[in-house]
Amino acid sequence: MRGEDADPLPRRRLLAAAGVAFGCLGAGCTETTRPSAAGTTTSPSSSEPANAEGADAALVAAVVRAENRLLDAYQAVLGGSAGTLHAFAEHHRQHVLLLGGLPDQRTGRRRLSRDLQRLRDLEDMAATRLRGQALAARSGDLARVLASMSASSAQHAVVLNRLRTPTGHAGRHR
Amino acid sequence: MSAEQAALQRVLAGEHAAVYAYGVLAGRLAPTTPLQRYAARGYVVHRSRRDHLVGVIGSRGWSPAVAEPGYRLPVPVDTPRQAQRVGRLVEERCAALYAALVATTAGRLRAYAVDAVVDTATRQLGWGGHPVALPGLVDSAR
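Sequence lines, in order, name chains R and H.
Residue numbers for the first sequence follow this note's numbering, so the first one is 246 and each next one is one higher.
Residue numbers for the second sequence follow this note's numbering, so the first one is 337 and each next one is one higher.
If you are wondering where the hints come from, they were derived from the structure by calculation, not from laboratory data.
Misleading hints may appear alongside valid ones.
[Stated by the list, open to error] Label pairs and their in silico Cβ distance ranges:
#1 His-331(R) - Gly-464(H): 12 to 22 Å
#2 Gly-299(R) - Ala-366(H): 27 to 37 Å
#3 Thr-368(H) - Ala-381(R): 22 to 32 Å
#4 Val-411(H) - Gln-350(R): 40 to 50 Å
#5 Gly-299(R) - Pro-412(H): 21 to 31 Å
#6 Leu-408(R) - Asp-451(H): 35 to 45 Å
Cβ atoms here follow ideal geometry from the backbone N, Cα and C, with glycine treated the same way.
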């Protein structure tokens, strides 16, 4: 399968593409904009509650841990299979790097099933989890990144489902 | 104009264009083929989102962006391959617009935008697209 992201994007460029100042995601950062309940946006100020940044930092840490678990699952399954699964593993590695984490380097140590269905199920769960995390994020820019990551997992799940069922219809949409 | 209002108007403008493009796709592709049926279903989805956005913007007391009289497609739609390219480009653009909407919204409207990002990203696959690391954030057009 042709990999759209064969060359890993540097974190700075990814963050720039996401509209986030370099190094902004995670603890110690201020948002550029945040939506208010009234529908107008407010700029961050020194009165921005510290717990908002702390809440997002904890969210980012949780996302990084989950992405590393997914990365580990792919690495355990890959074996001699290149192409599609390598590309998906690389996507999750980029997710971890984007959020300032360290990609899991473990290979072959865990006894994970080599079943494509398991990977698809993991991607389905990741898409759902990331959706919830996008809704929970205080930072609008972080929410956008997490929404995009959710969409990436959803794309992976569609393709993995096709690999399981070669005669399946292109795309999940009805 | 607030960032949220601007983002809503931009995504509505994008849906106006998408409805137009999907109308062309559904009309030009050979009838009853899988790709034509896919285009027809996509038309319904985009039209529904367009109508929803008009309602959201109107409910806030703003004037919804109106559709252009016509739109120029990036390539003619004379072959299935060209149709697939147009379909992918439409969905990629919509993904970017909805991702921008996610950043400026909260609550139910953010949830709507997040779900639209996911839908547009997966809909690209039906047009021959491939998964990418960050749909809607990094230009994956090829």
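These are the hints, each one checked on the structure:
1. His-331(R) - Gly-464(H): 12 to 22 Å: 20 Å Cβ-Cβ, so the 12 to 22 Å window holds.
2. Gly-299(R) - Ala-366(H): 27 to 37 Å: This hint is violated: roughly 57 Å between Cβ atoms.
3. Thr-368(H) - Ala-381(R): 22 to 32 Å: violated, 44 Å
4. Val-411(H) - Gln-350(R): 40 to 50 Å: 43 Å Cβ-Cβ, so the 40 to 50 Å window holds.
5. Gly-299(R) - Pro-412(H): 21 to 31 Å: violated, 53 Å
6. Leu-408(R) - Asp-451(H): 35 to 45 Å: With Cβ atoms ~25 Å apart, the hint is violated.
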